[in-house]
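Which chain is which? The protein sequence lines are E and Z, in order.
Residue numbers for the first sequence, in my numbering: 1 to 146.
Residue numbers for the second sequence, in my numbering: 147 to 258.
Since the hints were made in silico from the structure, they are not lab data.
The structure displayed is predicted, hence computed values, not measured ones.
Be aware that one or more of the hints could be misleading.
[Unchecked claim] Sample of chain E residues at the chain Z side, in silico, Cβ under 7 Å:
no., residue
1, Val41
2, Lys43
3, Ala44
Backbone N, C-alpha and C fix where the C-beta goes; we use that ideal spot for every residue, glycine too.
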Amino acid sequence: MFTRVWKRVLLTTPWLVLYAAPSLSGSTAKASERHNDYSKVTKADIAIVQERAVRYVVIADNPCLTVQSFRLGHPAEYHREKFICSVGGARFDRDFALVDFKTLDFHDDRLDVEVEFIPSRRGRKAVRWCSIALQPDSIGDLMCHR
Amino acid sequence: MAGVQRMMGHWVRYIMLSGASDCITVQIFKSANMEGLVRQKKICSLGKMSFRDDFAFVDVRKIGFEPDRLSLEIEFFSLRGSGDEVKECSIEIGNGSIGDLKCSLEFGSEYY
């Protein structure tokens with residue numbers, strides 16, 4: 001959701017809100033080994049972080065969290081794109097029955113994510129507070145606190 | 147922005163593509179994987195007032211899920227003058243139905 005600071009930028013830079021449209025309305029993402037079916041988006045939002053426009057996308061039937069960053073003024077090109085499909089060495093599609101990204105919140109230097117992990121075998125489900133570091137030229141890994 | 151939640155046995159999704167469209171899209175699906183579309187509605191106005199033609203700018207700041215409706219925080223910028231108002235609004239969700247946008251906005255002598 002937009003903060004007050006974000007909204008002011010939003011009102012004065014119309015391109016910034018325009019670029020979200022093609023991808024979310026179903027066109028294919030930039031060529032990459034992974035393909036997102038944007039018709040199945042279940043959560044998405046965007047904010048300006050560290051002089052980049054950063055967007056997260058959660059997609060049904062896709063175990064990964066997609067994080068994309070764009071240079072301000074270059075709305076059509078991903079500057080960075082990262083598919084977050086694991087935590088530590090554990091893969092979401094192989095080592096858990098379900099990984100649910102419950103809430104996602106942008107901060108000045110990171111994306112905080114509340115994640116529910118449901119194990120595929122024995123064990124109890126666990127809700128963890130995690131974060132992804134966001135720098136102008138990098139998108140970090142998912143790091144979770146115990 | 148986009149969000150999904152289970153409501154009354156269905157899955158309700160909102161999509162707001164600011165700039166590309168002046169509308170809020172609300173969809174009801176049978177299943178969690180966004181298949182089996184039951185109903186879809188594009189909400190582009192508040193009563194008779196078009197987002198595109200009757201306001202300078204409409205900023206949907208928050209959308210949340212309640213048991214029987216979507217709750218929205220929307221900032222309306224009027225066409226004339228420099229006034230803007232932040233309003234709490236809602237869209238009723240029924241069993242396979244999507245209501246209109248309702249806000250407590252006073253615009254001229256009419257309430258919507």
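Structure-based check of each hint:
no. : hint  : verdict
1   : Val41 : 5 Å, holds
2   : Lys43 : 6 Å, holds
3   : Ala44 : 4 Å, holds
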